[in-house]
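Participant: Chain by chain, the residues:
Protein chains: 2
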Amino acid sequence: MKPYKELSKNELLTMKAALEEEYKTMEAKGLKLNMARGKPGFTQLDLCEPMLDIINSASDMKTMMGNDTRNYGDLDGIGECRQLMADMMSVEKNNVIVCGNSSLNVMYDTVSRSFTHGVNGYTPWFKLDKVKFLCPVPGYDRHFSITEAFGIEMINIPLYDNGPDMDMVEEYVNNDPAVKGIWCVPKYSNPTGISYSDETVKRFAALKPAAEDFRIYWDNAYCIHHLYEDTQDEILNILDECEKAGNPNMVYIFSSTSKISFPGSGVSAIASSKENIDYILSRMTIQTIGHDKINQLRHARFFKDIHGLNAHMKKHAELLRPKFAAVLDALDAEIEGLEIGTWIKPRGGYFISFNSMPGCAKAIVSMCKDLGVVMTGAGATFPYGKDPEDSNIRIAPTFPSVEEMEVAAKVFVLCVKLVSVNKLLSEM
Amino acid sequence: MKPYKELSKNELLTMKAALEEEYKTMEAKGLKLNMARGKPGFTQLDLCEPMLDIINSASDMKTMMGNDTRNYGDLDGIGECRQLMADMMSVEKNNVIVCGNSSLNVMYDTVSRSFTHGVNGYTPWFKLDKVKFLCPVPGYDRHFSITEAFGIEMINIPLYDNGPDMDMVEEYVNNDPAVKGIWCVPKYSNPTGISYSDETVKRFAALKPAAEDFRIYWDNAYCIHHLYEDTQDEILNILDECEKAGNPNMVYIFSSTSKISFPGSGVSAIASSKENIDYILSRMTIQTIGHDKINQLRHARFFKDIHGLNAHMKKHAELLRPKFAAVLDALDAEIEGLEIGTWIKPRGGYFISFNSMPGCAKAIVSMCKDLGVVMTGAGATFPYGKDPEDSNIRIAPTFPSVEEMEVAAKVFVLCVKLVSVNKLLSEM
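Protein sequence lines correspond, in order, to chains A and B.
Residue numbers for the first sequence follow numbering that gives the first Met the number 0, so the first one is 0 and each next one is one higher.
Residue numbers for the second sequence follow numbering that gives the first Met the number 0, so the first one is 0 and each next one is one higher.
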């Protein structure tokens, strides 16, 4: 296919007329599809229903250590669930606290606690004139909402195929004591799907932060969320690397089973050095008497161990591959070669990230919405909702059915084409 | 029995010798009993085990509104669980957010949010020189831990049989703009077991706070936790009374099923005016995508409605009455008339509050511990853990069995007597 940029005005006008016909046909269908958020589809949820039978009135409700999960206790989580989450996060059990149903909540609490009480006894952030976070972009909107809510200045860091621009990260972290954190989704990144290279992880671990309370907020949300069996990303263990590099306390790792068992009814966890974990527990004991241990037991007994988790995720992958393919096939067939957009084919995670021509993303998302296909708001993948290029669009293909996804993909490529043609015409 | 104070030195010495003999006998038993915390006994937990069968793989997982509880959504809780908690808290469904597993966590978050972001847009507390909370004493140690953690100055307010000293409350709240809150357990108070009179509630509602962001932190933890069928405390509806008095936004009500279903695996809720609820939701949406809706569904379907909750609590009462009786009977039989302690016979809740002679509480709790009976630390019922009289002891009779409670009560009265005799002798 010929790149749109090489088309004459007349060719573009002909193209526009054809696309507008297609638009009318699509409009007439009165679609109502939602791919705004990274929600599991119901077929994924169905797979986990047997978990609901695992704990019943005939169950032994005691942990392996003999504690009654029905009563208060075990602030850091029951042993067997700590082990499960530790294995999932590739850390030791003693480095893990199993928390409530939401890793986002754990991240919020971690930032909030640093704001109100400081990191491990360092000056609480509310007493500082300025706190800054580095934000690899495009990134996860809900991370950015947390730091924005606390008045933390967010600095965009380009995210490349092997991770954030580490020259920039080093420059900021090693020189500016106001830089207290960086948001990372190191594996199957939200939204681009890339994973950090070994060199990236090693450079992270070797940072020499100007601020002693600088921490890496390592949201390993998609640690076992592979799409394929043969091509899987693996990332270096950041906790080990930090330890080796003499920065044992520099990272907080977050994860959850929200996209493994049930969103809202899963278990989340934070992993870090013993020193960090002990500090967090010393504050957490004021916040709560403990998290939902029956649900922890439910998860530990259902998945049994990391092999059980991986086997479960293989079934997810089977359900998700055709949904991702529906989008990627449409992009390959319809957009490839037109030079009106780029995208990465992810090997895992929950998203496909599409970059339109600059200045087109908002218009594409808006046109999709007019046709009944709701997508993540353009700009959402950047701090303050501001994509300086107005280019990045996050596609979340997990929730609709394969058939719906095929239709949604058709709508999407149509809108990309039409908006691009309009853009090129407006510049002539 | 003759009051100890009227005994001669010789009589006291004879008494002391006899008590010390009894002490040795008790010591030889090598007891190991814990009545430190308000934990349900396992027989109470057993009663709720059928709840674990209610949601299983054959269940319809949709709410009455048709939402899938297995997926993200319903930040304010599923409708049927909001209705259940609303009825339990005697408020309207629209005034309720159903939260996670811990009302303590909701209270912590409410204070934390006020510290970081302010109450409904008023100045965040971290920007203020001084924030004060009123603390009716004796009260709940975990309330005091929260305000202490945020550097909030706590002011003791005497708690009488019909509620806090309202003259003092009015004096502080209506004149000092630094007073931002008061911790209340209005029904079957922790630890004294008293309930606020109608006049007390009306005087609360009629406060004219100097601070616009003053709120009453109304922890209605024991709202349906009656011990008897015939003599039950009822309190006025604070939300209605505040509305009537022209202070619609002045109260946050907290509650949970922690001591109804399973501690750690129950559901909690906050109730307040629509304006307050909307503000809280506007912040909560940054903190989490939602709470555990499957567990909300489990609770809604198991208890069905307020009648189901009340029927369940009647069974709890049957299990708890003999445990409370074991303590109260021992106090009546052994301490009554000696003028070495006072106590209130509660009609509900989780505690019996005992006031020793001044200067004896720490010694009594310590002596009980030496005999293998762990109680709540003396002083814990006061801010900063400091009981100015060293007099108040919280007895938590719910966790041990009736037989254990009878033994623990014997240990307790022995220690009260021995410490009191020692005290009187030391003053001679």
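These are computed hints drawn from the structure, not numbers from a lab.
A few of these clues could be false.
No copy labels: a pair is met if it fits in one copy or bridges any two.
Stated by the list, open to error - Taking lysine to aspartate or glutamate pairs in the EDC-like style, the calculated list, with each CA pair at most 20 Å apart, reads:
| id | residue 1 | residue 2 |
| --- | --- | --- |
| 1 | 207 | 239 |
| 2 | 314 | 59 |
| 3 | 344 | 10 |
| 4 | 409 | 45 |
| 5 | 61 | 45 |
| 6 | 31 | 67 |
| 7 | 243 | 21 |
| 8 | 344 | 328 |
| 9 | 126 | 147 |
| 10 | 385 | 79 |
| 11 | 61 | 48 |
| 12 | 273 | 166 |
| 13 | 409 | 86 |
| 14 | 92 | 45 |
If you're wondering where the values come from, they're calculated on a predicted model, not measured in any experiment.
Participant: Would you mind marking each hint as holding or not holding in the structure?
Facilitator: Evaluation of the provided hints:
1. 207 to 239: within (16 Å within a copy, 57 Å between copies)
2. 314 to 59: neither (29 Å within a copy, 22 Å between copies)
3. 344 to 10: For residue 344 and residue 10, neither the intra-copy (30 Å) nor the inter-copy (91 Å) Cα distance is at most 20 Å.
4. 409 to 45: Cα proximity of residue 409 and residue 45: none, with 28 Å in one copy and 55 Å across.
5. 61 to 45: between (27 Å within a copy, 13 Å between copies)
6. 31 to 67: Between copies, since 18 Å is at most 20 Å while 47 Å is not.
7. 243 to 21: Neither way: residue 243 and residue 21 sit 58 Å apart in one copy and 60 Å across, limit 20 Å.
8. 344 to 328: Classified as within: same-chain Cα gap 10 Å, cross-chain 74 Å, threshold 20 Å.
9. 126 to 147: both (17 Å within a copy, 18 Å between copies)
10. 385 to 79: neither (43 Å within a copy, 39 Å between copies)
11. 61 to 48: between (22 Å within a copy, 13 Å between copies)
12. 273 to 166: Close neither inside one copy (30 Å) nor across copies (49 Å); limit 20 Å.
13. 409 to 86: For residue 409 and residue 86, the Cα distance exceeds 20 Å both inside one copy (40 Å) and across copies (49 Å).
14. 92 to 45: Neither. Shortest intra-copy (30 Å) and inter-copy (30 Å) distances fail the 20 Å Cα cut-off.
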